[in-house]
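Q: Note that our numbering has the sequence shown beginning at 54, numbered continuously upward.
Just so you know, these hints were derived from the structure itself, not from any lab. Owing to the predicted nature of the structure, the values given are computational and were not obtained by experimental measurement. Ideal Cβ positions, reconstructed from N, Cα and C, are used throughout, including at glycine. Hints are supplied without guarantee of correctness; some may be wrong.
[Unchecked claim] Quick list of the computed label-pair ranges, beta carbon to beta carbon:
id	residue 1	residue 2	range
1	L70	D95	19 to 29 Å
2	Q57	R99	20 to 30 Å
3	T117	N68	47 to 57 Å
4	V108	L83	32 to 42 Å
5	I123	V59	37 to 47 Å
6	I63	V97	41 to 51 Å
7	E69	E101	31 to 41 Å
8	N56	M118	37 to 47 Å
9	E62	L116	33 to 43 Å
10	I123	K66	48 to 58 Å
11	V76	L109	41 to 51 Å
12	T130	V97	39 to 49 Å
[Unchecked claim] Below 30 Å or equal to it, Euclidean Cα-Cα: the simulated DSSO-like pairs (lysine-lysine) are:
id	residue 1	residue 2
13	K77	K66
14	K66	K81
15	K77	K58
16	K110	K77
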Amino acid sequence: MLNQKVLDEIVTKVNELLAQSPVKDVEKNLRVMLSGMFTRLDLVTRDEFEVQQEVLKRTREKLTMLEARIAGLENPTKSDSLDTPVETLDDLTETE
Numbered sequence: 054m055l056n057q058k059v060l061d062e063i064v065t066k067v068n069e070l071l072a073q074s075p076v077k078d079v080e081k082n083l084r085v086m087l088s089g090m091f092t093r094l095d096l097v098t099r100d101e102f103e104v105q106q107e108v109l110k111r112t113r114e115k116l117t118m119l120e121a122r123i124a125g126l127e128n129p130t131k132s133d134s135l136d137t138p139v140e141t142l143d144d145l146t147e148t149e
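All chains, full assembly: derive it from the sequences and hints.
A: Here's what the structure looks like:
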């Protein structure tokens with residue numbers, strides 16, 4: 054999840070805080086420090102992640118459907134062409 058550099062930085066900061074501050078100050082400083090680090094990492098909430106996951110799922114389904122439609126239009130099967138009436142030049146020039 055977090056890279057080694059970030060973890061080392063957290064450990065270093067925690068050790069520095071523990072060495073020079075009372076417990077309440079450590080707690081307060083740790084919260085501020087972790088909050089800042091998480092902000093820099095540009096993390097999203099679980100809810101935001103799940104919403105985007107659902108959007109991606111619907112997009113993939115739509116893409117699959119559109120790819121199948123395009124493939125059908127590009128490569129019509131023989132059964133499709135037999136079912137479709139074919140107009141000839143005579144049919145187009147007939148007048149009633």
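Q: Against this structure, judge whether each hint is valid.
A: Hints, one by one, checked against the model:
Distance hint check: the CB atoms of L70 and D95 are about 24 Å apart, consistent with the given range 19 to 29 Å. Distance hint for Q57 and R99: a CB-CB separation of about 25 Å, consistent with the stated range 20 to 30 Å. Our hint of 47 to 57 Å for T117 and N68 holds, since their Cβ atoms are close to 52 Å apart. Checking the proposed 32 to 42 Å range against V108 and L83 shows it holds: the Cβ atoms sit about 35 Å from each other.
The beta-carbon spacing between I123 and V59, approximately 44 Å, falls within the hinted interval of 37 to 47 Å. Separated by about 20 Å at the C-beta atoms, I63 and V97 break the suggested range of 41 to 51 Å. Against the hinted window of 31 to 41 Å, the Cβ-Cβ separation of E69 and E101 comes to about 33 Å, which satisfies the hint. N56 and M118 have their C-beta atoms about 39 Å apart, which keeps the hinted 37 to 47 Å range intact.
Separated by about 40 Å at the C-beta atoms, E62 and L116 satisfy the suggested range of 33 to 43 Å. Hint check: I123 to K66, Cβ distance near 54 Å, so the stated range 48 to 58 Å holds. A C-beta distance of roughly 44 Å is found between V76 and L109, which places it inside the suggested range of 41 to 51 Å. Our hint of 39 to 49 Å for T130 and V97 holds, since their Cβ atoms are close to 45 Å apart.
Between K77 and K66, the direct Cα distance comes to roughly 16 Å. Compliance with the 30 Å bound is thereby established for this hinted pair. About 13 Å separates the Cα atoms of K66 and K81, which keeps this hinted pair within 30 Å; it holds. Of the pairs offered as hints, the one joining K77 and K58 holds, with about 27 Å between alpha carbons and a cut-off of 30 Å not exceeded. In summary, the hint linking K110 to K77 is not supported, as the alpha carbons are separated by about 46 Å, beyond the 30 Å threshold.
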